[in-house]
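*Asks:* Here the protein sequences come in this chain order: A and B.
For the first sequence, our numbering gives the first residue as 9, with consecutive numbering after it.
For the second sequence, our numbering gives the first residue as 6, with consecutive numbering after it.
Each hint should be verified, as a subset may be incorrect.
Said to hold, decoys possible - Output of the computed footprint for chain A on chain B, the stretches with three or more beta carbons under 8 angstroms from beta carbons of chain A: (1) 22 to 36; (2) 107 to 116.
To be verified - Only part of the chain B face toward chain A is listed, based on derived beta-carbon distances under 8 angstroms: (3) 68; (4) 94; (5) 96.
Read the hints as simulated data drawn from the structure, not as lab findings.
Since this is a predicted model, take the numbers as computed values, not measurements.
The beta-carbon is built from N, C-alpha and C at its ideal position, and this holds for glycine as well.
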Amino acid sequence: AQTVTQSQPEMSVQEAETVTLSCTYDTSESNYYLFWYKQPPSRQMILVIRQEAYKQQNATENRFSVNFQKAAKSFSLKISDSQLGDTAMYFCAFMKQTNRDDKIIFGKGTRLHILP
Amino acid sequence: DAGVIQSPRHEVTEMGQEVTLRCKPISGHNSLFWYRQTMMRGLELLIYFNNNVPIDDSGMPEDRFSAKMPNASFSTLKIQPSEPRDSAVYFCASRTGEWDTQYFGPGTRLTVL
């Protein structure tokens, strides 16, 4: 069974700093997707970034980028020039690339506070 | 696009009452997912549908929970009878295609007294 582990329950950084959120996962699959979702106080789950496992290039979305290490089964999220609006719960998630199992497995989340 | 729509946004009910949560997926999406989020257990998948057909309901806690998707634009999650331990935020998400991203609704915060 697949598992997703986020080892940092909570983090705080100053505005404009760079912060990295850790995520590791366990799977025997070779083809899969990885995601980072953001859940602000409004509770809405918002996709931040996604990565296909077959792609070696790390995904980037504006100030958000990932460090995908397939061999190490690591998928960290880097937020550059952090802003107050980045304050949220961040979930790392895994999905197998197969039509027999479309479920996303979520980690427990990391609560990120951006301090003014 | 309106995104995934859920109703109600908040529901407060008493133990033993029937609760029905509703979801309208994004038009054109053919997969729909129901999740429950609690502090203790995090985000759990309850059930998901492909083309209106339930594919995996192994996450449904017990027989008190049931879900239906009568057509491509509407799904319900029903709890009967409700219990205080059912208090949680319930999310609906939808997706198009088999490999694409899930888009979440705003959630329904359920409180069972």
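*Asks:* Indicate, hint by hint, whether the structure satisfies it.
*Replies:* Cross-check of the supplied hints:
1. 22 to 36: violated (count 1)
2. 107 to 116: With 6 residues close enough to chain A, the hint holds.
3. 68: Hint violated; residue 68/B Cβ to chain A Cβ min 21 angstroms, cut 8 angstroms.
4. 94: holds, 6 angstroms
5. 96: holds, 6 angstroms
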